[in-house]
Amino acid sequence: MSKNLRVKSSKFIDETYRVSFKFNGSRYYGYKGDTLASALLANDIHLVGRSFKYHRPRGIMTSGSEEPNVIVQLHNNSDRTEPNVRATEIEIYEGLEASSQNCWPSVNFDIGGINNLLSPLLPAGFYYKTFMWPASFWEKYEYFIRKSAGLGKSPTTPDPDIYEHEYIHCDVLIVGAGISGIIAAKTAAKNGLKTLLVDEKPNLGGSTIYQNSEHFKINNQNSGSWLEKEINEIKKIDNLDIRIRTSVAAFHGYNFLLARENLTDHLPIEQRKNKTRQKLLKIRAKKVITATGSLERPLIFDNNDRPGILLSSAIKRYADLFGVACGEKNIFLTNNDSAYETAISLIQKGIKVEAIVDNREEIESKLLYEVEKNNVKVFKGFTIVNTNGYKKINKVSLMKLSKDGQKVIGSKINLSCDCLGVSGGWTPAVHLFTQSGGKLKFREEDQVFIPNKYSSEQISIGACNGDLTLEDIIENTPKYLKEFLNIKKTDYDNVEVFSSENKSKRNIWLLPSDKILGKTKSFVDYQNDATAKDIKLALREGFRSIEHVKRYTTTGMGTDQGKLGNMHALGIISETAGTKMGEHGTTTFRPPYTPLTFGTIVGRNVGEYFDIFRKTPMHEWHLKNKAEFENVGQWKRAWYYPKNNENMFEAVQRESKAARENAGILDASTLGKIDIQGTDASEFLNRVYTNAWSKLAVGKCRYGLMLNEDGMVYDDGVTTRLGENHYIMTTTTGGAANVLGKLEDYLQTEWPELDVYLTSVTDHFATISVCGPNSKKIISNVIPDLDLSDENFPHMSFKNTKIGKVNCRVMRISFTGEHSYEINIQANYANSVWEKCMEVGKDFNITPYGTETMHLLRAEKGFIIVGQDTDATMTPIDLQMDWIVSKKKYDFIGKRSLYRSDTIKDDRKQLVGLLTDNPNEILEEGAQIVADVNKSPIEMLGHVTSSYYSPNLKKSIALGVVRGGKNMMGKKLIIPMENKTINVTVADPVFLDKENKRLNA
Amino acid sequence: MFIINCPFCGEREQSEFKAGGEAHIERPKQPTELSDDEWAEYLFMRKNIKGIQFERWNHIHGCRKWFNMVRDTSNDEIKAIYKMGEKPPVK
Ligand SMILES: [Zn+2]
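Read top to bottom, the protein sequences are chains A and B.
Letter by letter, the first sequence follows residues 0 to 1000 of numbering that gives the first Met the number 0.
Letter by letter, the second sequence follows residues 0 to 90 of numbering that gives the first Met the number 0.
Treat the hints with caution; some may be incorrect.
To be verified - The calculated lysine-lysine pairs, modelled on BS3-like cross-linking and capped at a C-alpha distance of 30 Å, are:
#1 B/K17 with A/K286
#2 A/K635 with B/K17
#3 A/K904 with B/K46
#4 B/K46 with A/K452
#5 B/K78 with A/K481
#6 A/K894 with B/K82
#7 A/K478 with A/K502
#8 A/K440 with B/K78
#9 B/K82 with A/K438
What the hints contain is simulated information worked out from the structure, not anything from laboratory work.
Predicted model, so just to flag it, every value in this text is computed and none were measured.
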């Protein structure tokens, strides 16, 4: 049994509620309110992980989201296991299981620790330099690097939890519920503003709420008690929404913020059932007040990373908030007054403080006197040059600093301890501010970056704005709020503050050592094992920009984004390069501030809700008849209908034969349909299609090709003239939305004078296509009143008619080359008409066919599919479709581009038919086409765009694009494949029924 | 994500809109009269300014109307929004 370091009950911990949890397989106990870190510390466990590169033992360093070391894997199951969780943030619950992440086989015996001994061989850029050559070896290196890098395990089965997105619109958002955030929230809400206050911690009040010292008073009460009353008051305000356990991940432009609200992670597992685990809050705030506080800086000295070395402020928080002592013999290293506050807190609780090592020579501080009164030895003008203890610190060595702080002098003093608190002063947490586009300025006197220029309606207040003392916060915050919120007074205008703190600080970015730098391990980035030596090496090797140094040394690139060490990295760079701090700027802080789970990001959009899918009115029929489906855009289209264990090839062969020999039926409802009306409708079509439309008679249909302004084929389809000023245009399934958008664009911006109205009716009408020699008989039974004679109803014409009482439009158009009808009918009647066609068609061997057969049948006829045989580099001329380009029209979209120097070249890729010498050999779509395989490099002439085995022609057919193919008719070409070459002959792309006899058969 | 004040609908989320490239490039009235170079100028040449840019936007998931915007691309500040056919604001 390990020691119990719970020293004094804290009102923030419920000692009547004991919680058991497992860490690395062993059972421990904590109390409700503990974090995993505080509960481990109470059990005297410091060693909880290994560092990334050298596998050095690492312990709990902080008490918050800035924690670099203690990242653990939660749960061990396949669906909820979660890597990279910071033990300092997770609240313990009954059943919690966590394990150290970056160690193998165990945290106490770690094979990767050998890297620590090899560390002279692992300098900055080591990975880049060593593993880049030979490139082909990378896969092998990667395996070992990943195994030793401790990246944690991902879940392997779907996440069973529920996640949600919530949109919040508010007048004022306040990020951070420390003392300044609470002041801001009350002020905003009391002025009638719809206010939202978020904080990442489970309780409000930041670090002031557990402040219980005579040295910090507001209105004559200790500051913690004063703030507690304020918090109780704001909880009663109606127009103030408070979200705890809510961490802002991103601050985008226009005051759009993303936050993650954690709702169940602190609950015992059995209480989480059917509850939303996390919410992604999408917040749009008129005004944003950032009150994110500040982060204590560590100090950079040799072996500053041992377990038992913590930030001074973390030790205070563990003692005051959780009632946990981090050690029984504490020493502090500081350059400012903060460590004294912690020491006083510990002394109050009867925890032994051995000594304070202060970089400052002369100190005028009431806190210092108080500490000295309690017999704590203060070493003024000293620094720590080394620490000892492999798995936990047990000794520190101090030396006197020279006057300029660049050297250590005198003899070494050794002190034993079991915990070292470090305080290098405070860094305003400006991450969100910079994410929003704000610009920082550097404040020389205490070496901090503070907000300077805001990019939106926002301010930063409190410590994140550089007001690092209680006096500054109380004095400045109301002033800023009045100006920002346009109000005359606040409740805080006459608040009295008393503070014993002295602001003086002696900032030394890299503390000197008695050893040469090369012999020290002074960590700047704990998680990525980047040391001061690495940074200096990067500078020696010529890196200057902070962004380059960062990438080369990996400083600040871990899951903690270098929240602790980035300032020191900048400081060391500017000291070494002899430049001023402000000149380098900072590295860019990118969202998210703390990592988000994928579950939170996607919310409810998982599984079948990931994307919408569109179904035709006959979808259920296709399902019932065992169709396989293919996705075309968002549509589910029947692909083929396998019968008796047919594979796709067999089904398509059967369907294709049936359509030409008897009759086929296709659900073509997904084709885009645009209703075009207006007195200028004909003129409009003249301008958007390549062919002429003015002379198309009412009741007639025409195929049209639409180009982009660059002359390349964009879409195609049949348009029918329903009336004098009324057309219905069909588009490709995938192109429907874009075609409508493009037509609207031209109408609104280029030709606003045209009287034309466009309406998408794709979903309103379903389309049933019946083709084949028996189609006429089938339609005559389905619509007995319709005169189907060629004289009354010729190819490329349309009739308004009725099926029963329902109006419908029947077009005699064909995409298969067969005699063919397309029935367009109001969508809700379509399935019954489809079933009727099937019923009637039984006697005529009707066969339903899917998109694959449709593709095969049209390929036999050499009809193109836009997007398959074209790829936005094909003109109509390239497609050998010169016939559809009007020579008479003065202008249409893309016309001028058809005779640009590039588009008139003879050697452009042109569409041709391809026949394999072996009629049973089917080409692969996408395969390259060449003429000469002996020339090196082999010249690529083009590629195969469509390829099928035609059951009707009993041979393989293909379409392809070939450079200069138009003039290659009959020429032999070669398709080189992985293990063979296939010989083909260039042919006419129309393989079947060149005379179009079947249309009227 | 910015908020765009559609001249027909009012303020809406950026996700409802589609950007349509540089504004005030008129399609030539007589393309056939143009040389290859002149036509290429219209067809291909677009500005991509860091700073004040005039651009077209479409309220595609709303009223579907096109309009013009003056935007500072360096900070996404929208300086002005005006309807198609209206004169761009000076400065
Ligand atoms: Zn609109």
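Here is what the structure says about each hint:
no., hint, verdict
1, B/K17 with A/K286, "holds, 26 Å"
2, A/K635 with B/K17, "holds, 26 Å"
3, A/K904 with B/K46, "holds, 29 Å"
4, B/K46 with A/K452, "holds, 28 Å"
5, B/K78 with A/K481, "holds, 28 Å"
6, A/K894 with B/K82, "holds, 29 Å"
7, A/K478 with A/K502, "holds, 21 Å"
8, A/K440 with B/K78, "holds, 27 Å"
9, B/K82 with A/K438, "violated, 34 Å"
Hint 9 from the list above is the single one not met by this structure.
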